[in-house]
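Undergrad: Listed below, chain by chain, are the residues.
Protein chains: 2
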Amino acid sequence: MYHVTVKDIARKLNVAVSTVSRAFNDKGEIKQETRDLILKTAAEMGYHPNPIAKKLFQQRSFNVGVIIPEFTNSFFPDVVTGIQEVLFKEGYQVLIMQSNESAVNELENIKSLESNMVDGIILSITSQTSNVDYLKKLNEQGFPLVMFNRVADEVKASQVVFDDYKWAFFATEHLIYQGYKKIFHFSGPKALSLSRNRMQGFVDALKKHRIPVTPDMVIETGFMMADGERIMQQQIDAHNLPEAIFCVNDTTAFGAMKKLKQNGYRIPADVALVGFTENFVDELVEPQLTSVAQPTFEIGRTAARLLLEQIESKGKFTPQTIVLNGRLNVRESSVKLKPDYSS
Amino acid sequence: MYHVTVKDIARKLNVAVSTVSRAFNDKGEIKQETRDLILKTAAEMGYHPNPIAKKLFQQRSFNVGVIIPEFTNSFFPDVVTGIQEVLFKEGYQVLIMQSNESAVNELENIKSLESNMVDGIILSITSQTSNVDYLKKLNEQGFPLVMFNRVADEVKASQVVFDDYKWAFFATEHLIYQGYKKIFHFSGPKALSLSRNRMQGFVDALKKHRIPVTPDMVIETGFMMADGERIMQQQIDAHNLPEAIFCVNDTTAFGAMKKLKQNGYRIPADVALVGFTENFVDELVEPQLTSVAQPTFEIGRTAARLLLEQIESKGKFTPQTIVLNGRLNVRESSVKLKPDYSS
DNA sequence: TTGTACGCGTTATCAC
DNA sequence: GTGATAACGCGTACAA
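Just so you know, the protein sequences line up as chains A and B, in that order.
Numbering-wise, the working numbering puts 107 at position 107 of the first sequence, and it's gapless, one number per residue.
Numbering-wise, the working numbering puts 429 at position 86 of the second sequence, and it's gapless, one number per residue.
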């Protein structure tokens, strides 16, 4: 694998390397015909500027790191797609890393990206992350950083978030309007502000409609399908079933759905379900799952734009928080069946 | 963001930069105590070797590119996870790119990775890729290359594949053993060898069991859910329904399932379904979908190991093809209901 | 065992 | 308009 360099072209054309360089980074300070000649022979020789040398000189890597907790749900891949869309156009490479919901991996990833001289990092913290000192330090040093969805509020960096409170409120209110009174919430890890916000939305919606809120109505579950299954089974075993459940995400809702069906309960007749963070599977399961849709691609694009802004505004930069809007997709799993008078 | 360099350490300690460098790349040719001192002060000063300079010198990027058609199904993310697992341990960064099932993007991605001096590329070609000249050239130049699942046979590179023929054969035979006779196949894009192999497995299974094969039994569908929906609706409209369908993947099977249900058909009573490439959704849909499971993570790990082998065996390297094994997960969608004598 | 000097491929800053 | 040269940070011959 031999790579053609500026030197090769310079030698062949009997010009100086700086002239060759100028031909490529055209700033008008080169004669048109020399430029054309150089570009032509360069193409013939199969020359490509060596990006590594360029990076070394410019002290910029044009790499951006993205750290996400997992890959298996479509949420994060979709966000990453949005991120890539914007950054790729601007000439950046995107290094994607997976923390696998492990705070240890996450820290390793951050350090690895840092030592690879990425120009900035976009991340969504794990559900286990408790210590964000490193991120905080990085951010205070002015290192470009954007967090999305799962954010650490102690770190004063740019954020792209969803109004979890509002949409949890709406989702819960939707259940109330359907006529359900005994409503539970399967919550995410309380360490994440996202979980706390969704929980608060749930609680406040009940309060608004004068439905008494007791501690047993909120059950900390987790984010995985297995979590939903486990907690649902516990409730079934304890003979403590509500009329409806608002789940912190679709995945846990699927777990709950599975266990309910296994135990012979009908959805929504016996227990209604609402999820969160739209998934293409929602329309495939039976009954179809009501869920709150987040603008995944737009989250990614916005995060990328914020990061670019910070990278390019050498120094003086004030972090911004952008809140994106969503929408409630009402489907079979949450709609109260009207009494059937026809038969 | 000021970065500490070898120079800073050398100045502080009054030694030569080469001594500092030696301390890090320890080959025993340095006094133990100088080494320790240098390492200690380096740590204090927060020194990290600049990977870009290292790459420029070593003419190696320790980056590996991965190009996949899409991110939304869990198949590719899972494979990528396996790839990262192996490569990350060996000190490689993985650059992930998405071709979005576009042959144009794919070529751009390859060139972008190449010009970024990745040490090798792992890829799965798009369903649109017809011209693989560029890949062929790359491969013939000795550029490390591994293809998985969706491979281009004209390119004599290492491959990690699944025995699509065998498992399509088994899946079809399973339907035959259930007693179905009129069986259709919704095939993938014929341009992909993967599609042709699955189709051939289907055809040969029918032949083995002396079921006549007619051209209308194989319908080129595509890979997306929308494809499955469209083709299914066409069959329904044409009143041309089989007793069972073997779909090229789960996604098209979901599409078919959706349309069948919408039109009031029961699965498997009216039409049985079998998919391919296991998906966590299979157990969530109703009825649960029978599917062939592929060892996704292992595919990734194997591809990564093959690539490493080629990267490290400077020059003399013979491409290998590794065939991985799978398994048929039989679920409700394909099991023939026995006549019910109980009622 | 340590220091000097050079090269990796690029761009910017000087001269000319 | 063009050429020579230094610099980016590192690793390695070679010299000391």
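Hints may be right or wrong, so weigh each one.
Unchecked claim - Derived DMTMM-like pairs (lysine to aspartate or glutamate); straight-line CA-CA distance at most 25 Å:
#, chain 1, residue 1, chain 2, residue 2
1, B, K679, A, E286
2, B, K604, B, E626
3, A, K181, A, D237
4, A, K54, A, E114
5, A, K258, B, E675
6, A, K54, B, D351
7, B, K679, B, D625
8, B, K604, A, E332
9, A, K258, A, D237
10, A, K111, B, E675
11, A, K258, B, E626
12, B, K604, A, E114
13, B, K604, A, E283
I should point out that these hints are in silico values taken from the structure, not numbers from a laboratory.
These numbers come from a predicted model, not from an experiment.
Undergrad: If you draw a straight line from the CA of B/K679 to the CA of B/D625, is it 25 Å or shorter?
TA: 18 Å, holds
Undergrad: Run the distance test for A/K258 versus B/E626: straight-line Cα separation, threshold 25 Å.
TA: Judged against 25 Å, a Cα distance of about 9 Å means the pair holds.
Undergrad: If you draw a straight line from the CA of B/K604 to the CA of A/E332, is it 25 Å or shorter?
TA: 15 Å, holds
Undergrad: Take a quick look at whether A/K54 and B/D351 sit within 25 Å of each other, Cα to Cα.
TA: Given that 25 Å is the threshold and the Cα spacing comes to 23 Å, the pair holds.
Undergrad: If you draw a straight line from the CA of B/K604 to the CA of B/E626, is it 25 Å or shorter?
TA: Roughly 17 Å between the alpha carbons, so the hint for B/K604 and B/E626 holds.
Undergrad: Are the Cα atoms of A/K54 and A/E114 separated by 25 Å or less?
TA: 19 Å, holds
Undergrad: Just to be careful, I want the Cα atoms of A/K181 and A/D237 compared with a cutoff of 25 Å; is the pair within it?
TA: 21 Å, holds
Undergrad: Does the structure keep A/K111 and B/E675 at a Cα separation of 25 Å or less?
TA: Outside the cut-off at roughly 47 Å; violated.
Undergrad: Given the hint that A/K258 pairs with B/E675, test it: the Cα-Cα distance must not exceed 25 Å.
TA: Distance ~15 Å between A/K258 and B/E675 Cα, so the pair holds.
Undergrad: Next pair to validate is B/K604 with A/E283; report whether the Cα-Cα distance is within 25 Å.
TA: 12 Å, holds
Undergrad: Holds or violated: A/K258 and A/D237, Cα atoms, limit 25 Å.
TA: Answer holds: A/K258 to A/D237 is near 15 Å, not above 25 Å.
Undergrad: Given the hint that B/K604 pairs with A/E114, does the C-alpha gap stay at or below 25 Å?
TA: 51 Å, violated
Figure legend: structure checked against the earlier numbered hints; hints not met, in rising order: 10, 12.
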